[in-house]
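Engineer: Each chain, written out:
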Amino acid sequence: MTRTLHVQYFAILREQRGLTDEKLTTAAATPNALYEELRARHGFTLTGDRVRAAVNDAFVAGDAALGEGDRVVFIPPVAGG
Amino acid sequence: MTRTLHVQYFAILREQRGLTDEKLTTAAATPNALYEELRARHGFTLTGDRVRAAVNDAFVAGDAALGEGDRVVFIPPVAGG
Amino acid sequence: MFKIAASPLDPAALQKELLDERAGACVTFEGWVRNHNEGQSVESLEYEAYVPLAEKEGEKILVEAREKFALVAAAGVHRVGHLRLGDAAVWVGVTAEHREAAFDACRYIIDEAKARLPIWKREHYVSGATAWINCATRGDHSAGIPPGPSKTG
Amino acid sequence: MFKIAASPLDPAALQKELLDERAGACVTFEGWVRNHNEGQSVESLEYEAYVPLAEKEGEKILVEAREKFALVAAAGVHRVGHLRLGDAAVWVGVTAEHREAAFDACRYIIDEAKARLPIWKREHYVSGATAWINCATRGDHSAGIPPGPSKTG
Numbered sequence: 001m002t003r004t005l006h007v008q009y010f011a012i013l014r015e016q017r018g019l020t021d022e023k024l025t026t027a028a029a030t031p032n033a034l035y036e037e038l039r040a041r042h043g044f045t046l047t048g049d050r051v052r053a054a055v056n057d058a059f060v061a062g063d064a065a066l067g068e069g070d071r072v073v074f075i076p077p078v079a080g081g
Numbered sequence: 001m002t003r004t005l006h007v008q009y010f011a012i013l014r015e016q017r018g019l020t021d022e023k024l025t026t027a028a029a030t031p032n033a034l035y036e037e038l039r040a041r042h043g044f045t046l047t048g049d050r051v052r053a054a055v056n057d058a059f060v061a062g063d064a065a066l067g068e069g070d071r072v073v074f075i076p077p078v079a080g081g
Numbered sequence: 001m002f003k004i005a006a007s008p009l010d011p012a013a014l015q016k017e018l019l020d021e022r023a024g025a026c027v028t029f030e031g032w033v034r035n036h037n038e039g040q041s042v043e044s045l046e047y048e049a050y051v052p053l054a055e056k057e058g059e060k061i062l063v064e065a066r067e068k069f070a071l072v073a074a075a076g077v078h079r080v081g082h083l084r085l086g087d088a089a090v091w092v093g094v095t096a097e098h099r100e101a102a103f104d105a106c107r108y109i110i111d112e113a114k115a116r117l118p119i120w121k122r123e124h125y126v127s128g129a130t131a132w133i134n135c136a137t138r139g140d141h142s143a144g145i146p147p148g149p150s151k152t153g
Numbered sequence: 001m002f003k004i005a006a007s008p009l010d011p012a013a014l015q016k017e018l019l020d021e022r023a024g025a026c027v028t029f030e031g032w033v034r035n036h037n038e039g040q041s042v043e044s045l046e047y048e049a050y051v052p053l054a055e056k057e058g059e060k061i062l063v064e065a066r067e068k069f070a071l072v073a074a075a076g077v078h079r080v081g082h083l084r085l086g087d088a089a090v091w092v093g094v095t096a097e098h099r100e101a102a103f104d105a106c107r108y109i110i111d112e113a114k115a116r117l118p119i120w121k122r123e124h125y126v127s128g129a130t131a132w133i134n135c136a137t138r139g140d141h142s143a144g145i146p147p148g149p150s151k152t153g
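Protein chains in written order, with the numbering used here: chain A, 1 to 81; chain B, 1 to 81; chain C, 1 to 153; chain D, 1 to 153.
Please keep in mind that the hints were generated in silico from the structure rather than gathered at the bench.
Heads up, a few of these hints could be off.
What the hints assert, rightly or not - Derived pair list, reagent style DSSO-like, types lysine-lysine, alpha-carbon separation capped at 27 Å: (1) C/Lys16 to D/Lys68; (2) C/Lys56 to B/Lys23; (3) D/Lys16 to C/Lys3; (4) C/Lys16 to C/Lys3.
Isolated chain A, as found in the complex (with noise of 0.2 Å):
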């Protein structure tokens, strides 16, 4: 089962991966499995323990269920202030 998504992109890994959002279809079911396809195609620098994931402007566990046109955020370590 696949589904389709719109990630977006924040800081090094907006540099990283050389755009700010995309839509894309995937097999992964999890922010955690998604980060894991992603760095593996793209080169991440950050390895998944260093990266929180938020589904439609919420933050959520890494093992969350991913669902049809989720928007899906992930945040590199964070340094405001």
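With the hints as your guide, set chains B, C and D onto chain A.
Structural biologist: Relative to chain A, chains B, C and D alone:
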């Protein structure tokens, strides 16, 4: 032995004395003694233990020695801020 | 520098004087005239200061703060005169490389200033009564004078 | 209200919105861009935010502060974009009847905001190098990227 002092009054003491400052000649040798003298004369409501003393714009102990020409201020409980 | 001011405080101008490229954190405290104290409705108040000693003691508190905490700068101003609701009675501003020192120092300065500066406050109540704060004595109670603590924060 | 702002912060205007006759204390925190971090000379920096989630999480932090401390009001703003030395990166303002709650809440809000808001910072050094703060990984060391903590206070 007597000395001539300049006494300045603030806040509740200024109101109860009815003056902002005065020159006076006294036999009191310390701020404590002077306060008791003035309290008896003018009916100050604050007891001596609630009043601090300053001489020549510096805090002093109540039993410090007063000198000729000193400027003396009695400091009621403060309430800044 | 610690100053006693007879005219309204201008926090923006005061803070601008603290600007420094070495500072990463700026913490300010303002004490505002509240509309109530110890259950009484306050209409306005007066502050009176023994100015030379208040400025000297205020400066001493700033020096102590610079000794105790890793600061870039610290300053304070206290109003005297007649203040209305919402007016700023006191301003303290502190800068430091890091925020922990700035918070600790700002709190130290305002705590010490409230306890040590020769400044007095008379509250004017909506009822028409007035009271010199912290100066109540036995016998005053019949006049309804509250023995309460300071009215700003 | 917690906002992400793309233009310079105006602390005086932000603080004015907090005015309230029930408040006796106002504590503010500002984070300023410092000229150095972890031994490197900083020339400027950029902040980037995931705006909807940053504002939502910031608001959540303000709600937590109002639950934990006896506040009258609390607000915060974080800059995004290109900032120069001395610019304000973040502002937090808190009012309360009493100063203890205002200090504690202001500190809580900035601590939580730094730890939780999805905001990222890239430093530009005098040397010409740049680095995304907190995002260094093994292998970056050859590029001299510091793994250091945040650069404002």
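Engineer: Decide, hint by hint, whether the structure agrees.
Structural biologist: The hints, checked one at a time:
Note on C/Lys16 and D/Lys68: the hinted pairing is violated, with a Cα-Cα distance of about 32 Å set against a maximum of 27 Å. Taking the CA atoms of C/Lys56 and B/Lys23, the gap is near 24 Å; set against the 27 Å cutoff, the hint holds. Note on D/Lys16 and C/Lys3: the hinted pairing holds, with a Cα-Cα distance of about 23 Å set against a maximum of 27 Å. Under the criterion of a C-alpha separation no larger than 27 Å, the hint pairing C/Lys16 with C/Lys3 is consistent with the structure, at around 16 Å.
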